[in-house]
Structures are given as C-alpha cells and as structure tokens.
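Trainee: Line by line, the protein sequences are chains V and F.
Each residue of the first sequence is one higher than the last, beginning at 1 in the working numbering.
Each residue of the second sequence is one higher than the last, beginning at 113 in the working numbering.
There's no promise every hint is true.
[As the list claims (entries may be wrong)] Below, in silico cross-link-like pairs of lysine-lysine (BS3-like), each with a Cα-Cα straight-line distance of 30 Å or less:
1) V:K104 with F:K192
2) V:K77 with V:K52
3) V:K77 with V:K60
4) V:K104 with F:K191
5) V:K68 with V:K52
6) V:K56 with V:K104
[What the hints assert, rightly or not] Calculated Cβ distances over 12 Å to all of chain V for the following chain F residues:
7) L158
8) Q174
9) Q185
10) V223
[Stated by the list, open to error] Some residues of chain V that are not near chain F, with every Cβ distance over 12 Å (derived):
11) N22
12) T26
13) L108
Honestly, the hints are just simulated from the structure, not real lab data.
Ideal placement from N, C-alpha and C gives every residue a C-beta, glycine not left out.
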Amino acid sequence: GDSVTQMEGPVTLSEEAFLTINCTYTATGYPSLFWYVQYPGEGLQLLLKATKADDKGSNKGFEATYRKETTSFHLEKGSVQVSDSAVYFCALLNSGNTPLVFGKGTRLSVIA
Amino acid sequence: SQTIHQWPATLVQPVGSPLSLECTVEGTSNPNLYWYRQAAGRGLQLLFYSVGIGQISSEVPQNLSASRPQDRQFILSSKKLLLSDSGFYLCAWSLSGEYGYTFGSGTRLTVV
Chain V
1 GDSVTQMEGP VTLSEEAFLT INCTYTATGY PSLFWYVQYP GEGLQLLLKA
51 TKADDKGSNK GFEATYRKET TSFHLEKGSV QVSDSAVYFC ALLNSGNTPL
101 VFGKGTRLSV IA
Chain F
113 SQTIHQWPAT LVQPVGSPLS LECTVEGTSN PNLYWYRQAA GRGLQLLFYS
163 VGIGQISSEV PQNLSASRPQ DRQFILSSKK LLLSDSGFYL CAWSLSGEYG
213 YTFGSGTRLT VV
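Kindly generate the complete structure, drawing on both the sequences and the hints.
Mentor: So this is what it looks like as structure tokens:
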C-alpha cells in the first residue's frame, strides 16, 4: 500500500539555520503531496502542497519540490525562526476519496 | 467561509466510562469527514472516515465507534474507555482531497 517515510526527529537548530526535513513516498500512480505543521497543543495546518511532478509548493518561507524520479518531497527553509518550532508531517493522497496517508512526523526545535 | 468545530478541548475520564466527542463543519455541504488519533510521541492514526451520511469506514478495530447522523456532524464514541484510549483526537474535513484537509483544534483525552 501507499506509505510515507520522513526523517526521525527531533531536529534542533539555531535560529537562522537552514532546514531540511526529508520525506520519501511509495505509491502507485501520481499522488498529491502535502506538508502539514502542528504547533504545540493545536491541530494540523496545511503548510504547502504539490499535485504533480516538478511542482514546487511554498508558504511562509518553506518550500518543497515534487520529485517523481526520487519519490521525494523534502521540506526546506533557508532561515528558521524560533516560531517555526513545531511538528511537521509529510502526507500523500492517491485518489479523491481515499484518506491522506501521513508520515510519523518530525519535531523541530529552533533555539535562539 | 468554512469552519470546523471540535469539542471539548480537554477531557479527563475514568476507565470504563463512556465517551462522546463531537465535530461539526460549517459553510460546506457533503464533506468527507475523518477522525484521527495522535498518541503521545507518535504519529497520526486514522480511526474512521465518512464520505456521506451513515457511511462510516473503520481503519482500526478497537473499542471506538463513529457515527454521522447529519451531513456535517461526525461523532466519535466509546461505551467503555481503556487507558490506551488516551491521546489527542483530531477531526478533519475535505471536499476533494487534492486540496488537503482542514483539521479541528483537537481534543486531548486522558483516561485515568
């Protein structure tokens, strides 16, 4: 079945450091890919998405490019802030009504 | 605009007691609805999803059940809670999954 694998956390970075959170997927067909963010004590928020190969999703300084050849959707940000501390989930969707498949989440802590 | 409401925000229940968590969506019709659980330090586990009134798909066999008595209402229930039912419960909705899910703010359930 479809699956998402993302790097184990926690990831601890200093403010203004470069962030990469790796995400790879296994799926038949051409899934849509997503990154969600969960701030402490809250629900999940959609951060960005890409629906086809070579698409780049971006939001709030975060970017991820849909790489079909490497089945990856790595999340990047050039300069993290303390306010970016959260848990980040990579997810895929393979067809309209089937549920999203989530990775296990990566906790990011940014220290001043 | 569409909104999702989930309550209560926090709940402490004794082992063996019943449970009812409610989720409602406003501003849309015939949404797909989802219940997820997030146990401490773990990823998201899909519990139930529904593509229409009275249509419930169960992903994980356990002592929880779900119902959809109205188009925009999704209820998670249990007749007798177990300690292992503790966790953060998230409701979500979507129209077409390619646009992602919108999550509620979650219910933190502690079974004591």
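Trainee: All hints are to be evaluated individually against the structure, with a verdict given for each.
Mentor: Evaluated hints:
no., hint, verdict
1, V:K104 with F:K192, "holds, 28 Å"
2, V:K77 with V:K52, "holds, 21 Å"
3, V:K77 with V:K60, "holds, 9 Å"
4, V:K104 with F:K191, "holds, 29 Å"
5, V:K68 with V:K52, "holds, 8 Å"
6, V:K56 with V:K104, "holds, 22 Å"
7, L158, "violated, 5 Å"
8, Q174, "holds, 17 Å"
9, Q185, "holds, 18 Å"
10, V223, "holds, 19 Å"
11, N22, "holds, 16 Å"
12, T26, "holds, 16 Å"
13, L108, "holds, 15 Å"
Checked against the numbered hints given earlier, this structure breaks only hint 7.
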